[in-house]
Amino acid sequence: MELLGLYHYWVFAVLLMIGFYAVIAKHNLIKKLIGLSIFQSAVFLLYITMDKVEGGTAPIIQAGVADPLYSNPLPQVLILTAIVVGISTTALGLGIVVRIKEEYNSIEEHEIQEIDRR
Amino acid sequence: MSSWSNHLPALQVIVPMLTAPLVLLLRPSGLAWAATTIASALAFAVAIALTIGVLDGQSFSYLMGAWPAPYGIELGVDAFSALVLLVVTGASTVALLAGRESLNLEIDAHRQPMFYAAWLLALAGLSGIPVSADAFNIFVFMEISALASYVLIAGGPDRRALPAVFKYLLMGTIGATFYLIGIGLIYLMTGTLNLADMELRIHEVADLKPILVAAGFITIGLALKAAVFPLHVWLPNAYAYAPNAVTVFLAACSTKVALYLLLRFDFFVFQPNLAGHDVQFAYFLMPLAALAILIGSSVALLESNLKRLLAYSSIAQVGYILLGASFVSLSGLTASVLHIFNHALAKGTLFLAVACLTTRCSGLRLENISGAARSMPWTMAAFVVAGLSLIGIPGTAGFISKWYLILAALNEGTVGIVLVGVIVVSSLMAVVYIWRVVEAAYFGDAEAGGAAHREAPPALLAVTWIAALANLYFGLSPSLPLALSTSAAETLMRHVP
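Taken in order, these protein sequences are the chains called A and B. For what it's worth, this note's numbering labels the leading residue of the first sequence as 229, then goes sequentially. For what it's worth, this note's numbering labels the leading residue of the second sequence as 1075, then goes sequentially.
Fair warning: there could be bad hints in the mix.
In the DSSO-like style, the derived pairs of lysine-lysine whose C-alpha atoms are separated by at most 27 Å in a straight line are [as the list claims (entries may be wrong)]: (1) Lys1241/B / Lys329/A; (2) Lys1283/B / Lys280/A; (3) Lys259/A / Lys1241/B; (4) Lys254/A / Lys1283/B; (5) Lys329/A / Lys259/A; (6) Lys254/A / Lys329/A.
Think of the hints as simulated: they come from the structure by calculation, not from any bench.
Input sequences plus hints: build the corresponding full structure.
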């Protein structure tokens, strides 16, 4: 039971490994980028789940509620920044893939290596 | 001190960061270059002012938005960060001053404002990392600099830069994400992101296993960014196919900044808190450093593309820096920090000389520069001076740090003697690979080389020689980098129990 109680860590770890596998094993550059996105999203989940306080509510001061229990807002703020970083990385990566396609007319890793070797 | 000097740590980042969007609007491209160079020179001036302050014993701490330290974001500068800031801003300024003509050749005029904006963002990110004392803030700066450097590297005309930069993007992002996982785990256990606060709070943590995992993630993530062997595969092509001025800038400082962060994290946060971490750190990194030195140098021996040759030599030099740190001793760290400075000087000058060669030669393979010294004697003389510094000949900057590294290794007993052997062998290999270039340029057949019969553009050549003379100057009077690195090593070692 204890193992399942920490299920959010399992989600994090499994997603992280799925993404990592795709980055390493796939030869298609777009698939690699998809893997990278999954990899990053796993970390977003790690941050988002860590701020949960059991029974905690949104950290907003409300009239009439004395001494409420709040969830921790900081990890959410942090991960908002990290999501922006992730989006920029993916966008830039896709931009580079477009340029690679224009120059090499391929987005398969080994074909590009083959062309460069010539 | 007067009140304005308190703002220097913030200005260090703000000047390049705010100039970046302005540069985007500047037409024609000459204005964009001028604005970028002025902003970079201002950042260099700020770094010099910070260094003078640090040498006077002043300590800089800046609270962003005046929020008190563990809650708000704190900026801080000590001797170690001052030295890295000098390297980063100095390399950027030198590369910009020298690079105008070579960048004009490589980048279309209408794209130049965007290119210079990316340059300033890279500079802001790279100088933000040493300035910041907040782990998450550092992550953001790391990604700003990384994204901007991908753009810079892919900005040139060589299409082989694109797959190279794609690989760099994948590996760099994985490195940064590992770092993010690491600080996430530390935040889970301690509830703080401030580096100084982290060190104190970890004392209160009962179960240190997550911290140990975090140490693993952060070390590997930053080792990826720093191109530590065997995580270096992104580096050679990224350096080789980038525009020349970009190679000068990034080769001098981007891996150094990651190494700075690796050392700062390990020595400030983990060494004082994890029992036996010094031994793990040493046993993990020492073999990697030795392998990096040997393999980097041997590949450089066989490489015939000049820029790739120097890039592999950089991998070996990262090994030297790491080797000094893996001794976990005062003398080792002094050597390590000193080598960050001296290698930036030597490699920066070498890549400047390469930029000179590209303006006149048809390519950068050794046969392309055959006989180049006859038409470009000044360029090749600067190359030789910087090459001697890379090898570590007495009288040049490179000698000082290698000397300190060997002294530090000799304190390590039997292992140390083996490592001295590694250093000597690698220096001999450096003699050979620098000689291969010198041989081609001085004794090669000029007719076969097809080099133009002209010296490099005067501005480029002048900056190259200033950098070459700096190699000699800091070889003969190394007091400035030595004072900074000794003080940095003392600060780092203070945290080791």
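Right, here's what the structure says about each hint:
1. Lys1241/B / Lys329/A: With Cα atoms ~15 Å apart, Lys1241/B and Lys329/A stay inside 27 Å; holds.
2. Lys1283/B / Lys280/A: Within the cut-off at roughly 21 Å; holds.
3. Lys259/A / Lys1241/B: OK: Lys259/A and Lys1241/B at ~13 Å, within 27 Å.
4. Lys254/A / Lys1283/B: violated, 33 Å
5. Lys329/A / Lys259/A: With Cα atoms ~14 Å apart, Lys329/A and Lys259/A stay inside 27 Å; holds.
6. Lys254/A / Lys329/A: holds, 17 Å
Hint check: a violation occurs at hint 4 only; the rest are consistent with the structure.
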